[in-house]
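Fit chain B to the known structure of chain A by using the hints.
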Amino acid sequence: MAISQRAARALLLGPAGLWYAGLLVLPLVVVLVYSFGERGAAGGYAPAFTFAQYANLGARWTAFQNTLLLAPAGTLAALLIAYPLAYFLAVRVRERWRTLLLVLVIVPFWTSILIRSYAWIFLLGGRGIPHLLAELGMGDIRLINTPFAVLVGIVYGYLPLMVFPIYVSLEKLDKRLLEAAGDLGAPPWRSFLQITLPLSLPGVATGSMLVFILLMGEYLIPQMLGGGKVFFVGNALVDLFLQSRNWAFGSAMSVTLVAVMLVTVTLYMRFLKRIGAARDDVGLM
Amino acid sequence: MTYATGHHTVSAGAAIAEFVNTSKRYGEVLAADRLNLRIEKGEFLSFLGPSGCGKTTALRMLAGFETPTEGTILIDGRELAAEPAYRRPVNMVFQHYALFPHMTVAENVAYGLRQRRPKMAKAEIATRVAKALDTVRLGEFGPRRIWQMSGGQQQRVALARAIVNEPKILLLDEPMAALDAKLRAEMQMELLSLQRSLGITFILVTHDQQEALSMSDRICIMGKGRIMQIGTPRELYDLPANRYVADFVGRANILPARVRTASEGRAQVELSGGLAVEVTAPFVPTPGAAVEVAVRPEALRLALAPEPGVPALAATVTHMTFFGEHIEYLLAHPVLGAVQVMLPRQAERALPGAGVGARLHILWDPGSGLVLGQD
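Protein sequence lines, in the order shown, are assigned to chains A and B. For the first sequence, the UniProt record's numbering assigns the number 1 to the initial residue and increments by one for each residue that follows. For the second sequence, the UniProt record's numbering assigns the number 1 to the initial residue and increments by one for each residue that follows.
With the rest of the complex left out, here is chain A (with noise of 0.2 Å):
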């Protein structure tokens, strides 16, 4: 029996169609409409038409504040650490030893995040790191509960999802290009800098872009390794939701979330987009 085209498109779009609309495009409909209500006067939520919600996004600065500067720079130093790690496995490496190699980078994954974040928790904490240090005389340095500690939480769990994508581009890349640089009279770290790295950027960006939109909304890591002090937009909008109970400024602030992640994520689009001349037959992402 024949299917037709529309069929066959219903069938293949269908059970996705649905689990979005259901559970993406429904939810986030419903954040909107309640951002633009008021607490209820139990909590929750009131219907009604106002921007008071976010004309007191302010009263949250410091969450969105945290995000906004330790997102990108987890974002840059998970790049910065991943980069020459994926360098090395995709080129340098000898073949039959770069699966076990990509295999180690996974290994940390096969553990919940929560109990690495514990693991932190002890590294970073009184008896941990700060000790070792006060021993060897550097004096009392507090770790644990500090921005600090959270960027090594973070650039610790995402640091995978940033080599992967960088190693794939840097396998894949023409090593005879190489050969035709050097041939040309470009000496190796000029190819590099001319040649592998800007054919590598599609990693980069991919990386880059998954590191950094789930930075963005990010709770556990925070809660664990920030204390309470270092907290996120995530940390408050459970706040938000779930101890003050006030669902139509926490809306407020997830649409805001939103709004930033898209207008950051173009940016950092167009301007990869930029420095890499990129090819209109690969895209970015």
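The hints are simulated quantities; they were obtained by calculation from the structure and are not laboratory data. Treat the hints loosely; a few may be bogus.
[Stated by the list, open to error] Pairs of lysine-lysine residues, derived as BS3-like cross-links and limited to a Cα-Cα distance of at most 27 Å, are as follows:
{"id": "1", "chain 1": "B", "residue 1": "Lys122", "chain 2": "A", "residue 2": "Lys273"}
{"id": "2", "chain 1": "A", "residue 1": "Lys175", "chain 2": "B", "residue 2": "Lys168"}
{"id": "3", "chain 1": "B", "residue 1": "Lys119", "chain 2": "B", "residue 2": "Lys131"}
{"id": "4", "chain 1": "B", "residue 1": "Lys122", "chain 2": "B", "residue 2": "Lys182"}
Just so you know, these numbers come straight off a predicted model, no measurement behind them.
Just chain B now, with coordinates in the frame of chain A:
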């Protein structure tokens, strides 16, 4: 001293590159085995051989991508065996072009000039790039992206990217392998005229003997990592030094024989089966020695009856293949086995009714064929 080649005259004595006992070993594999070769300034030299014969290794050692394990390489009188590629006065056209996909055509061509230190002025680079693109007839294509260019055009970009640097030697690694037959023939003509006008030494690596024969001043036949013979296309075709060359360049019947008498240039040999024929002898073989004799299919003739005074082999036609301007016969001889004979179309008319199964006489004119040396 000068020697005339098929195409033009090259002044000998001015070596632009030289392999001196150059070997390259990868673990157990000897990819290049004691190469000794002088490449003259301005000549078009081809390395010809099947895959794995060492021709690409030889080229890559010249380019600087491989370091010889033993021996050395001189370029323009300087010993360069340990010099990295980016410091050598040679440029390469790569087999799959290896064009930079993130740059325009003009940026690709400008790449080599941009690497010069001290830096070359931007205006000077632009002028030279435009001139190089004109040379390969791509004057209008500078701002195009690489993926917008056809295979033949990409080939030209690769060529322009190399010649713009005015290298002492241009290395070409099977540059036409990916082009279709018609485009390849065009490109061969263009390459030749480019080489004549630029006066740069060209070194071509190819497995295509037609390409090597039609383009080269000299050909270096490679096999098993060794140089099997060096010579002009005519020398290689007419006087192959050994079985390997006779077999690889053109087609040849290779027949076992025993030397009867030999003098300078000529030898009387007795083929297996007893027929005595007179063949060319590039060297004087020892009378009584067992040798191999090579004879080109087009050097033999066919007739319905033997001619007086011409040695002939009686054989049966087993295959006939029509190629338009010539016809190829495959005949079976009871002792020598299969013998190929190629006749021009008009010669077929002298053989009425000589189809498959016919019994014909293969005529061996004096001086046809030659005695082969050891590989």
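Practice prompt. Would you list, in rising numerical order, the hints stated earlier that this structure does not obey?
Written response: When the structure is compared with the hints, only number 4 turns out to be violated.
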